[in-house]
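Chains as they are written, first to last, in the working numbering: chain U, 1 to 344; chain E, 1001 to 1344.
Rather than coming from a laboratory, the hints here were simulated on the basis of the structure.
Quick caveat: nothing in here was measured; it's all calculated off a predicted structure.
Some hints here could point you the wrong way.
Claimed, not checked - Here are some chain U residues the structure puts well away from chain E; computed CB gaps all over 12 Å:
#1 H87
#2 K148
#3 E240
#4 P261
#5 D264
#6 E287
#7 A304
Claimed, not checked - Taking lysine-lysine pairs in the DSSO-like style, the calculated list, with each CA pair at most 30 Å apart, reads:
#8 E:K1229 with E:K1173
#9 U:K148 with E:K1276
#10 E:K1148 with U:K276
#11 U:K38 with U:K148
#12 E:K1276 with E:K1173
#13 E:K1173 with U:K276
#14 U:K148 with U:K115
#15 E:K1115 with E:K1038
#16 U:K276 with E:K1038
#17 E:K1006 with E:K1038
#18 E:K1229 with E:K1276
#19 U:K229 with E:K1276
#20 E:K1229 with U:K229
#21 E:K1229 with E:K1171
#22 U:K276 with U:K229
#23 U:K173 with E:K1276
#24 U:K173 with U:K6
#25 U:K171 with U:K38
#26 E:K1006 with E:K1115
#27 U:K229 with U:K173
#28 U:K229 with U:K171
#29 E:K1171 with E:K1148
#30 U:K276 with E:K1229
#31 E:K1115 with E:K1148
Note that beta-carbon positions come from the ideal geometry of N, C-alpha and C, so glycine has one too.
Next come the chains, spelled out residue by residue.
There are 2 protein chains.
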Amino acid sequence: MPSSSKTNRRILLASRPNGAPTAENFRTEDATIPALSKGQVLLRVLYLSLDPYMRGRMSAARSYARPVEVGDLMEGGTVAEVVLSRHQDFEPGDVVLSHSGWQSYAVSDGGDLRKLDPSQAPVTTALGVLGMPGFTAYSGLLTIGQPKPGETVVVAAASGAVGSVVGQIAKIKGARVVGIAGGPDKCAFVRDELGFDAVVDHHAQDFEAQLAAVCPDGIDVYFENVGGKVWDAVFPLVNEFARIPVCGLIAQYNHAGDSFPGPDRLPPLMRAILSKSLLVRGFIQREFVDQRPAFYHDVAEWIASGRLRYREDFVDGLDNAPNAFIGLLEGRNFGKLIVRVAGT
Amino acid sequence: MPSSSKTNRRILLASRPNGAPTAENFRTEDATIPALSKGQVLLRVLYLSLDPYMRGRMSAARSYARPVEVGDLMEGGTVAEVVLSRHQDFEPGDVVLSHSGWQSYAVSDGGDLRKLDPSQAPVTTALGVLGMPGFTAYSGLLTIGQPKPGETVVVAAASGAVGSVVGQIAKIKGARVVGIAGGPDKCAFVRDELGFDAVVDHHAQDFEAQLAAVCPDGIDVYFENVGGKVWDAVFPLVNEFARIPVCGLIAQYNHAGDSFPGPDRLPPLMRAILSKSLLVRGFIQREFVDQRPAFYHDVAEWIASGRLRYREDFVDGLDNAPNAFIGLLEGRNFGKLIVRVAGT
């Protein structure tokens, strides 16, 4: 362990954002690395995952998880290396998936760790395609969306960590897949690299018309991870018995306050739910924990056979995490956003 | 057949309502009774069912069924007596369930008829507790709502044809059941006759607070057949993993136009769907046709054993159907609304 690393750099929630987060909502501190007790390991964080759900943790409102308190460490999934061990199951050099948060070192009793095998897959995939975002896509699409051959599946943020997996699995299941992404590079990637049947740029002036044009048979599954104007474009196109898994609403996470100006879109939504027998179901992947073994099996096989591709977007240095996270909420990332916290 | 009955009185859609229907939206005509062809029967309508869904048929917007065209017969479920038969399966005196609409006579080829046995149950139950409304309650509650013992189930229009059955079945399944009804008589009926655990009068000034008070553990199943202010009172109380079958939205059926003033309640709803993993599912009972035999079996048994009660609200004379229907949309009925079209 190099001496320069012997302080633990940590990024804390300095204040709650009102609207979009800014650099001032984060504070960096250098703490000492705690001594290990028996049964503990010291982890050096290699990679930190940045994900949209973290925006929810920055707000006081209770969601499916408790918020991060002001002054506390920002939470997040990480890949880390064991550097010291007083735990019988771990030894220095082990690489593990942990939930160590936005810091360079962490102490764990091992209960939250899963060992990774770098010879099986790049360890960063444990934060993306073979991790929480991939499992969100897999479980939500297959359990709630249930795409059938020939049906039309639409997914937004289609080049992102979740959307890219949703669309490719829907293709594997025989559906016709339409992606929505922001800008020509992402759209080209979604169409040419990921093999979606069609892609629409949500920056286009005639976005709604373009989406309608590439969904001539309507929409049977809309995997909702965005909300906002994408929802407005999708909504008129959904078919009878459409399924709408809701895993994220990134377009409204930065809305300041609890009130939204009219018109009121609730009555038309409820009317459509009724008259089209729609299914709208929010979820968080951990409720489908029983499907994890099938997920690891299926996705690893699809990656190995070249049927499922992924893209990672690396940012160097923990100090750049706040800015990268702010950019994630604006769609500035291109692929699964990961911070390199330490060299490997 | 008395000579005075030899014209067929029919009630037609005269014009589409803009907001609440009025008497001017209906037109009565006296037509001749058509001669029978081979394979047909002549039906004399005994009872006409009036149901909220008919409001949707009066509008031009396509819903799960085509609208009634202006100038066409108002549609509706009926109990009728065969008065003439040129069909081998039917003979005069047979009583059948039909979908003959708002008229006093109808001709049928038999394909849409189901014979009723007056010795088994009062024939009017085929329009209510043992008919479409009862099956709506049964299938939506058990398939989508899935109440578990000890959970809290809330249903509005609790003294009505659907709500009364929803609540009683939820009780049979071991749930704690809270009804919402309008006025002291209906509330007393729901509590004392139907045996709900609690009932709240939606006319009360402090309706929201009263509902919260009788749902100390939140709401696990909300059977949505009303919308409007009842939804607003229910929404803050729904628990994680709550199920919301949507079978009707009577409070918004009479809204004129397509736009609703703000604030926009869609983003908070979507946020709750996401953060609480809610299930919102619209349905129409016919999609659950496979469950009909179980429905008839179960509900007949529950009625016979006294575990399931029902109340019918009769109106005399087809000419009074429009006014009764207008009242139904305002909650003026008390129990399943049925028009006595002919004496039996």
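Tell me the numbers of any earlier hints that the structure contravenes, in ascending order. 3, 4, 5, 6, 11, 14, 16, 24, 25, 31
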